[in-house]
Structures are given as C-alpha cells and as structure tokens.
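K.L.:
Each chain is listed here by its residues.
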Amino acid sequence: MQVATFVAYLVAAALFILGIRRLRAPETARSGNTLAALGMVIALVATIFVADIDEALSGIEILAGVLVGSVVGAVAAQRVQMTAMPQMVAAFNGVGGAAAALVALSEFYQVEALGTHPETVVASVAVLLSVVIGTVSFAGSIIAFSKLQELALTGSVTFPLQQAVNAIIALVIVLLAVNVLAGGLLLPPLASLYLILGASVLLGVLFVIPIGGADMPIVISLLNAFTGLAAAASGFVLDNYALIISGTLVGASGTVLTREMSSALGRPLRKIIFAGITASATDSKGGDEEDRPVNDVNAGAVGEYLSDEAEKVVIVPGYGLAVAQAQGPMFDLMETLESQGKEVFFGIHPVAGRMPGHMNVLLTEAGVPYAKLYDLEDINPELEDADAAIIVGANDVVNPAANDPEQDTPISGMPILEVDKADRVIFVKRSLSPGFAGIDNPLFYDTDKTMMLFSDAKQGLQEIVEAVKNK
Amino acid sequence: MQVATFVAYLVAAALFILGIRRLRAPETARSGNTLAALGMVIALVATIFVADIDEALSGIEILAGVLVGSVVGAVAAQRVQMTAMPQMVAAFNGVGGAAAALVALSEFYQVEALGTHPETVVASVAVLLSVVIGTVSFAGSIIAFSKLQELALTGSVTFPLQQAVNAIIALVIVLLAVNVLAGGLLLPPLASLYLILGASVLLGVLFVIPIGGADMPIVISLLNAFTGLAAAASGFVLDNYALIISGTLVGASGTVLTREMSSALGRPLRKIIFAGITASATDSKGGDEEDRPVNDVNAGAVGEYLSDEAEKVVIVPGYGLAVAQAQGPMFDLMETLESQGKEVFFGIHPVAGRMPGHMNVLLTEAGVPYAKLYDLEDINPELEDADAAIIVGANDVVNPAANDPEQDTPISGMPILEVDKADRVIFVKRSLSPGFAGIDNPLFYDTDKTMMLFSDAKQGLQEIVEAVKNK
Amino acid sequence: MGVLLAQLAIFVVAAFLGFELISRVPSLLHTPLMSATNAIHGIVLVGAVISLAAASDSFTTTVGMIAVVFGAINVVGGFWVTNRMLSMFRPPVKKVKQREG
Amino acid sequence: MGVLLAQLAIFVVAAFLGFELISRVPSLLHTPLMSATNAIHGIVLVGAVISLAAASDSFTTTVGMIAVVFGAINVVGGFWVTNRMLSMFRPPVKKVKQREG
Ligand SMILES: NC(=O)c1ccc[n+]([C@@H]2O[C@H](COP(=O)([O-])OP(=O)(O)OC[C@H]3O[C@@H](n4cnc5c(N)ncnc54)[C@H](OP(=O)(O)O)[C@@H]3O)[C@@H](O)[C@H]2O)c1
Ligand SMILES: NC(=O)c1ccc[n+]([C@@H]2O[C@H](COP(=O)([O-])OP(=O)(O)OC[C@H]3O[C@@H](n4cnc5c(N)ncnc54)[C@H](OP(=O)(O)O)[C@@H]3O)[C@@H](O)[C@H]2O)c1
Chain A
9 MQVATFVAYL VAAALFILGI RRLRAPETAR SGNTLAALGM VIALVATIFV
59 ADIDEALSGI EILAGVLVGS VVGAVAAQRV QMTAMPQMVA AFNGVGGAAA
109 ALVALSEFYQ VEALGTHPET VVASVAVLLS VVIGTVSFAG SIIAFSKLQE
159 LALTGSVTFP LQQAVNAIIA LVIVLLAVNV LAGGLLLPPL ASLYLILGAS
209 VLLGVLFVIP IGGADMPIVI SLLNAFTGLA AAASGFVLDN YALIISGTLV
259 GASGTVLTRE MSSALGRPLR KIIFAGITAS ATDSKGGDEE DRPVNDVNAG
309 AVGEYLSDEA EKVVIVPGYG LAVAQAQGPM FDLMETLESQ GKEVFFGIHP
359 VAGRMPGHMN VLLTEAGVPY AKLYDLEDIN PELEDADAAI IVGANDVVNP
409 AANDPEQDTP ISGMPILEVD KADRVIFVKR SLSPGFAGID NPLFYDTDKT
459 MMLFSDAKQG LQEIVEAVKN K
Chain B
9 MQVATFVAYL VAAALFILGI RRLRAPETAR SGNTLAALGM VIALVATIFV
59 ADIDEALSGI EILAGVLVGS VVGAVAAQRV QMTAMPQMVA AFNGVGGAAA
109 ALVALSEFYQ VEALGTHPET VVASVAVLLS VVIGTVSFAG SIIAFSKLQE
159 LALTGSVTFP LQQAVNAIIA LVIVLLAVNV LAGGLLLPPL ASLYLILGAS
209 VLLGVLFVIP IGGADMPIVI SLLNAFTGLA AAASGFVLDN YALIISGTLV
259 GASGTVLTRE MSSALGRPLR KIIFAGITAS ATDSKGGDEE DRPVNDVNAG
309 AVGEYLSDEA EKVVIVPGYG LAVAQAQGPM FDLMETLESQ GKEVFFGIHP
359 VAGRMPGHMN VLLTEAGVPY AKLYDLEDIN PELEDADAAI IVGANDVVNP
409 AANDPEQDTP ISGMPILEVD KADRVIFVKR SLSPGFAGID NPLFYDTDKT
459 MMLFSDAKQG LQEIVEAVKN K
Chain C
294 MGVLLAQLAI FVVAAFLGFE LISRVPSLLH TPLMSATNAI HGIVLVGAVI
344 SLAAASDSFT TTVGMIAVVF GAINVVGGFW VTNRMLSMFR PPVKKVKQRE
394 G
Chain D
294 MGVLLAQLAI FVVAAFLGFE LISRVPSLLH TPLMSATNAI HGIVLVGAVI
344 SLAAASDSFT TTVGMIAVVF GAINVVGGFW VTNRMLSMFR PPVKKVKQRE
394 G
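First to last, the protein sequences are chains A, B, C and D.
Heads up: the first sequence begins at 9 in our numbering, then just goes up one per residue.
Heads up: the second sequence begins at 9 in our numbering, then just goes up one per residue.
Heads up: the third sequence begins at 294 in our numbering, then just goes up one per residue.
Heads up: the fourth sequence begins at 294 in our numbering, then just goes up one per residue.
Note that these hints are calculated values from the structure, not bench results.
Misleading hints may appear alongside valid ones.
Label pairs and their calculated CB-CB ranges [unchecked claim]: (1) B:TYR202 x C:PRO319: 36 to 44 Å; (2) B:GLN333 x A:PRO423: 35 to 43 Å; (3) B:ARG438 x A:GLY274: 42 to 50 Å; (4) A:VAL53 x B:VAL11: 34 to 42 Å; (5) A:GLY192 x C:ARG317: 43 to 51 Å; (6) C:PRO319 x A:GLU158: 28 to 36 Å.
Glycine included, every Cβ here is placed at the ideal spot set by N, Cα and C.
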C-alpha cells in the first residue's frame, strides 16, 4: 500500500470518529454527518486513484458501478417519506452487508480458482466471518424491510422448535467452516463456502421473522453493528486499514447504540431476540372493558371547549399520528389555536411512535418550531396548569397504568406524560383499543375529565380545526 | 514477538482502558486503579518470561532492578504525606520520563556501537522523540518537585529574554536531530545524541522555572502527558505494542486532563506556560487596606458564640488548612460541636487548596465522613440558614469580589461559597493578606457580621475547641 | 505475521473507541445516529472497488460489480437520508437555550 | 514498512481513544486520575526490561539497569500512591446517595 493511500485512510477514519462525536448532540449532528461523508469521499478517491487499476476497462466498470449505486441511493433517500425511515435504513444496511460478503467471496474465489490455498488460516477465518455476518445482516435486513413496509411476514411469525432449528443451522455453518479451514476434507472449499452462504441467508431470515414489527428499529440497529463487523472482517481479508478501523468502529458503537435504544424503550435486548412476545401482547385484554361508559364526543364539542375555555393547550402525539400522516392538520391546529391567542405546547415522550426521534422529525417536518417540542421532564410541570391535553393517536405514553404499583405490565415503571393533571383530557383515536403494549387506559373511562373523539387522527384533527375556526 | 506475549499486551492495554474508565467516578475509582495495576503485572510477567533473556546474569539483573525500584517506589508512596502528593506524583513522573529516554538511548547506542546505522529513518525519529520528550519531562518534573518541596526555585523565576532562549535551545535540538538523521554530517550521531540529551535537560528546566508553585499541578499533568508520549515513542523504537498503545493513551488522556484541570481552576494553559504571572499577583494590593477597621476577636469569643448561639455550622477549609496541617484539630472541632448537638457541614470548593481534590483527601484522611463534605452546589442552599460559617485558611473560594461586576480580577466569574448568607462569618487566618489570586476580601471589613481570629490555623482551631469545651 | 498482529491490535483499540464514542446520546438522536453509522460501514465500498479492480474473470467481475453498486447505495443513500433527517432538526439553537433558562 | 504503518494506525486510534476516555471527570478526581495515568506510563518498564535483557556491554547494562529501576519506581510508586489517595475517598456509597436524595 502506498503511504499516500494510507494517510488518506487514516484521515478518513479520523473524520468518521469526529463525525460520530458530533452526532451526539442535536446542535452539531448535521455537521457530524457531513464530516463523515467527507471522510468517505477521501477514502474513495484515494482508493480509485491508487488501486491497481491496470486495465482501462475495470476503471470504467468501477466508475459505472459507483455512479449507478449513488444514483439509486440518492433517489431512494430523497424520495422516502419520513414515516418510512426505518425500512429505508434497513435496506441500506442490507446492501452494505451483502457488499461485505461479496467482497470476501470474490477474494476467496480468486485465490481458490488459481489453485492456491489462502495464505494463512487467518485470511480464511476472515473470509468466513465476513461471508456469514454480512449475509445474515443482508437477509435479516430484507426481512425487516418487508415487515416494516408491510409487504409480508408482518407481526411475529413463529413456528415450533424455532430456537432448535436456528441452533442446528449455526452448527452446520460451523462444520462447513471447519471443512474450509481444513482445506476441504469432505467438500471442496469453494462449494462449502456456497453452502455457508445459503445457510447464512436462512439463518438471517429465521433470526428476524419471529420479531414483531414494532421492535424492528432495535433489530435494525443490531444488524447495523453486524454489517460493521462484516466490513471489518473484509478489511482483514484485503489488508485494508480503512475497512478494519471503520468497520470495527461501527460494530462497536452500533452495539452500544442498540443497547441504549433498547433500554430507552424499556425492551431488554434478550427478550426481543429470543422470543416473539410482541405480537401476542397487542390483542390481550380490551374486549371485556368495552361496555364501561365513556364520554364519546364529536369534533364540534372539542372545538367549542378549546375555543371557549382553554388558554393553555398541550398536544401529545403518538404512533397513530404517524400512521395517519396527520402532522399537517396537527400543525394547522397549532396555528389556529395560536391565532386565537392561546398557548400551545407539544409533549414528546422519548418512545412515542415506533422509532426514536420519530415524533420530533415528523412535527418539525410539518413546520412546528423545534422550541415548542418539550420532552418528558419539561412538559410535566406545564401540564399542571394546562386547560386541555389533546392526545392524538397515542396511548402507552400517557397511560397511568404504568405507575400503578398493583399492575404488572410491559410498561410498568416507565415514566409517562401526566396528562391527567390537565383540566381536560381529549383523546383522538379510532377506538378504545390499546396501543403497542396492549394495556388498557383507565383515563378512557374517566367520564368527567376525558373526552373521546373516535376518529382517524387526520380526519379528526381537520374537523377540530374547522370547529375551532367556526366558533 | 510471540503470540502469547502479544495477547498479554493486548489484555494489559484493555485493562488500562477499563481502569481509566472506572477512574471517572468516585465509586469505582479505586477498582479502576487496581485493574490498571493488574494490567501492568500481566504485561511485566509476559515480558520477563518471554523476552530473550539468554544469560542467567541478565535475568538476575532484571529481577534485582525491578525489586529495588519497587521497594523504593512503595516506601516513598507509603511514607509521603497527603499534603505532599503533588511533588510525589512529579517525582514518579520524572523517573518515568527518564526511563523512556534511557531505553531509547540504549537502543540507539547498541545499534551505533555495532557500526550499523539504525534500520529506518523512522526508528531514528522515534529515538530522538523519546530522548527529547522523556528528558524534558524528567528535568521539568525535578524542578516541579523542588519547587513544591520548597527546596529551591520556589515562586516564579524569570530572567530576560526567556522565551528567546527557549526558542534557541529548541532550534539547537532540531539541528542536532537533523545531523543524526543525516547519519552524522558534522558530528558523530552518538555525540549529537548526547548533546541533545543535555539540551533537553536545559529546556525542561527553563520550561518550568518561571511557573509559580501554585500552578504546578497543571504543569505536572502536562509533563505526565509528555512522559506518555515518550513511552509511546520508545514503543516505536522497540516495536512493542504495549508501549505504543499505553503510552499513547496516557499522552492523549493526559492532555485532555490537563485542559480540564486548567479550566476547572480558571487558569488558561497558555497563560501558565508563557508567563510567570502568578508570583507577582500575590503581593499586589493588601497594604493600603489594612487601616480599615476589622472585628478582631480571640478564640474565647468564637467559642462562646459557637457554643451559645450556633445550631448549624458550616466549615470552609482552604489552602491555609493544608499548610498548617490543621486537619486534626478541624476534626476535633467537628466532634466537639456535634457532641453539643449541633449540626456541622463542610463546604468544599472545587479549587480549594492547591491541588484538585486536596481538601477532600485531607479531611477524609483526618476522619471526617465523606457524606459531610458538600460541594459548591449543595452547600450554598445550606448556608442560608446556617448560624455560623467558619473559614479556615481560605480566601479566594469565599471572596464575594469574584461576583462583583465592577471589579476585573483573576477570579471574576468564578462561583464562590456564599458564606455571607450565614448569620455570622468567622475567619481563621494569620493576617489580612489575601490568597492565591491576591484579591482583597470585602467580608474582612464587615464588622457587624464578621469575626477575624488572627492565628495559625492549627493553633486557632485548637483554641476554639478548648473554648467550646470549657463553656 | 507482524502485520496481522498489528491489525488485531487496531481492531481491539478501535472497538474500545467505538464503545466509548456512544454514551448518553439523547434518544431523540438515536435514529439519525443509527443511520449515520450505517452509512459509515459503507466503507466496504472501498473494498468492493479494490476487489473489482483485481477481478480477473467474469465471475469475480460480476460479483465485484454488484458489491460496488451495493456499497455505493449504502454510502450515498445512508449519508443522504441522515442529512435529510437532521435537516429537520434545524433547531434555532437560541430558542432551545432560552427555553432551558 | 507494513508493520510501521499499522503501528501508526494504532497510534492514531489510541490517541482518539485517550481523548475520548477523559470527559467531564469531577474535579474531585483530577489528582487521582493524574496519578493513575502517571503509573500507567510506567509501562516503559517493559521496554526497560527488554533493553536490559539485550544489553551487551557495561554501558548498555548500566543504562538499562537505571531504566529498570526508574520504571519500577514509576509503576509501583504510582499505583501505590493512587491507591492510598483513593482509599481515603472510602465513601459509604449509601450515605452519598442518601444525601442526594
Ligand atoms: N419510539 C420508538 O422508537 C419505539 C420503538 C418500538 C416500540 N415503541 C413502543 O411504541 C409505543 C409508543 O406509544 P404511543 O403512545 O406513541 O403509541 P401506542 O401506545 O402504540 O398507541 C398508538 C395508538 O394510536 C392509535 N391509532 C392507530 N392508528 C391510528 C389512526 N390512523 N388514527 C388515530 N389513531 C390511531 C391506536 O388506537 P386505535 O386503534 O384505537 O386508533 C393506538 O391506541 C410505546 O409502547 C413504545 O415502547 C416505540
Ligand atoms: N485546588 C487546586 O487544584 C488549585 C491549584 C492551583 C491554584 N489554586 C488556587 O488556589 C486558590 C485556593 O483558594 P483558597 O481559598 O483555598 O486559598 P487562598 O485564597 O489561596 O487563601 C489561602 C489563605 O490561607 C491563609 N493561610 C496561609 N497559611 C496559613 C496558616 N498556616 N494558618 C492559617 N491560615 C493560613 C492565607 O492568609 P494568611 O497569610 O493571612 O494566613 C490565605 O489567605 C484559588 O484561587 C485557586 O484557583 C487551586
């Protein structure tokens, strides 16, 4: 390797490190992303100009490949809706994992096809790791994508003896790998590698299918760390420092991020991976409570109350807002209320929605100023003297059952937005059905305080805006 | 290098990393130190058993050397008084720097003496860096030690054209280094290296002598980072990963720590290094204020007030307490007051004393429970309803002039312990002279609120204890 | 062998660095952070380019080509989408400060 | 050459790690932290041992011997004194918690 390339790689790695550092705070995050992208450009330019591109042909191939990939990536990234972000990240992660596996495969093939064995055991181990991890990440990401895009396999797909089947596949992979390292005792090494490839696809699929759609962000983060490790393993195959350093960085930081995410959501990683608990939870309870009376109102009544009696309004958005794409009407409601001289705040629970930061992204995209988005600690004091709390498509994040010591629920102990402190509580949702955690909400049945507006979030908000305007 | 040694070195490095991590919080700090020490044992054992110790003789020499050094280090570390901690750290740092320089020197000599030139330019550069940085660190640490131990050169020693002289020495070192790298154009390489050694000693001495004794902790931290870098450079000379990784870690983390320390003390690093401002500050002001009246009392009066009227007492220790070694009587005072049913708290300002954590170490050593030591944020609210604040050998940390917008002093903007909120303020110090920053304290002259007990801290406290007991 | 050991050392140190880099990130930033590190492992594109440059037959050329396209999608798409996400956090920093005060 | 480059890469990554490791340490711990990292650079003792083992004449033996003694002082003294310092922080952790609560 030439010294110039080496230096370029080190600079790129340094930029990645600085970039990740800056991504830790909202103020600097964007510049951090730009720094990391700059590092990537430097690494790539150094590679293209210095790699042994002897034939003009391969130069053209490389440029064409990079161009095609860039256009596809850019168009997809530009077009995707903010609500579809998780599946987009999953897709990008999947192709990255596949690329790592393919690079390792191609190296191995080249050495094998020439009739020489890989120089060292280490190189073979690296090839095997890269192929297995990269392929699992690829296959897992595709399944995650399909679940989130609701193409297929949504919900938790389970079958008997799932863990045992996974273990057997893993064992087969290990045996095949030993065969490769031993130079092909039973099967030719290259054939074994193809079998490993196939088994890894299967393993990736089986790993992700039992996991419920709502746990996907955490799984994607984990697969992200996997792809990092696969890239690092490819780096060992190619003797390339850019890949070793950067891949390892992502592998390690992705692991920590996964742990942070899962703890912020109160969902221990082990539970997510080793069981398909999620799906069954959603349809528990619910049925027998429906006959208790609720204060069922129409949009007109809500508009009247807001317009006549509310001075300070706190809006709490949840997953249903994202599903209904109701961020636009939400913004309109804010504007309408403010034009009548009322104070409006948004209370954003850290786990509202289905992806961390989901609500913030959606609302700022719709035009809500960042400074109106209050997080858990900041909004609870405001709720004390609020006249109304409007909860749109949310349940878990405002469910007082989380703090009920008598109940043992998946959300027990999670801090909630204390909307019951407001004078009036207004729910906008389609039915009495609970949310992600499947826990019924006692606030629904507090007929003195609560108004239930049963409606799709988008339509309901539009109607409220009309009602407020027409007062 | 054998793989086993390599693995041992990696394990050692990992233990150092984990150790430093744990040193960031008081609860885990001690176990962090133990982990790091364990890492050192592993690295050393791996080296001794695997290094090419062909002759029995050198094995004995090594063991003898390690033994002698260990005994000296352990005895010194065990005997040193807590107040003398900074100079102890300086001494240990100095020998470390010298060791790094000597290792590099010996490698270079061996290669030169055999008539071969060092294999690569890189190895020579590493030798030169290790010798220069290690020696500067050694010489600088010795001077720091001498200043703190008050052997010689205390205060800021300056002479005309200091910066110019330093620059010339640095230039000479660079020229000699070029001569070595060129294979000895003017002087034989080895002779040049000896000259470099000498010039580096001089540079280290001149670097530290202008710096006032009170800035020494920061300088020692900087020299600590230097020694780390010297060790890393020796690692390049010897091709040794343990040295490269660990030395670099210390070099980098020491740099950050130096910056953190200097900002916690409000003393920008550049000012410390490029000037000897400190000494002159101490004897500014002071003279012309002395004729203003103060409420000069004796220990009896203080004892009477404490015993009869004070229920809640806050004690604020400062540098003078450490100098007077008065932590014992301080503890007695606490016990005496508590035995009379009074509440006693200690207010510890982060920069009280002359070394971070100084007061905490002294007081806990004397037996004060850790839970009674309140830091800045926690003690200020307590001061509101305290009946008395006793300030022992401190000034800057309670000086309201720091918050006076009209005054521009070295401590302006520093948060202080707001002792003037207490009903009575009792100073125990020898005179009206100010402290480290040289700023007169308006509280001295508040004759209604303040009692001044002019006395050595140790004696004064003993007298107060007697007076309280005899009431 | 010497180089391999050094590379292993790099791996270990970089892993510690990666662990250290993420700490107490507000959950608000979890998604962009995931997406940005996702783009960074697109560095495998560098490997794909090297491998395509060295391709000697139609199999390795095809495989290398796919890897290059995939890698480029990962890199460009990843950074682009992260940037889009983060551009929505355009916080008038002052306002946030003010709100805290 | 290959090994050297790898070592430089280690240097860079380890430097970033070092920077990252120290962040927002309470000033209470500055002195022990300084003292502990001071002990860690005593790792140069390993270098001194190697150099003494390879010593071939009286000059290198003497220099190596001094280096070993110095390195051992740095290591043992450094860890020992840090431990002494930290043992004084023996916070009954409960009490601290209680005080905060
Ligand atoms: N933020 C993350 O990263 C993340 C990731 C994974 C899981 N989670 C979990 O997701 C939950 C988030 O809580 P949340 O309060 O935001 O949501 P939630 O508790 O899941 O409640 C969502 C509510 O939205 C309603 N809804 C669905 N579609 C709607 C539509 N079109 N119009 C109006 N309402 C609609 C549903 O009720 P109806 O059917 O009656 O309308 C449901 O009650 C937490 O349990 C959290 O742990 C979060
Ligand atoms: N903590 C650190 O790491 C560190 C490091 C470097 C600098 N500093 C600086 O040091 C200062 C610390 O403030 P501080 O309030 O603790 O101390 P200070 O402001 O320096 O005051 C010390 C006081 O102790 C008195 N004193 C000296 N010897 C005494 C004795 N034997 N008996 C009784 N009193 C005695 C002196 O007055 P008399 O002469 O009248 O007795 C002096 O007023 C700050 O400015 C800080 O920035 C701190």
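K.L.:
The structure should be examined with respect to each hint, and the outcome stated for every one.
P.N.:
Okay, the hints, checked on the actual structure:
Between B:TYR202 and C:PRO319 the beta carbons are some 57 Å apart, a value that contradicts the proposed interval 36 to 44 Å. Our hint of 35 to 43 Å for B:GLN333 and A:PRO423 is violated, since their Cβ atoms are close to 50 Å apart. Checking the proposed 42 to 50 Å range against B:ARG438 and A:GLY274 shows it is violated: the Cβ atoms sit about 59 Å from each other. In this structure the supplied range 34 to 42 Å holds for A:VAL53 paired with B:VAL11, their Cβ-Cβ distance being about 37 Å.
Evaluation of the 43 to 51 Å hint for A:GLY192 and C:ARG317 yields a pass: the beta carbon distance comes to about 50 Å. At about 29 Å, the beta-carbon gap between C:PRO319 and A:GLU158 stays in the expected band of 28 to 36 Å.
When held up to the earlier numbered hints, the structure conflicts with 1, 2 and 3 and fits the remainder.
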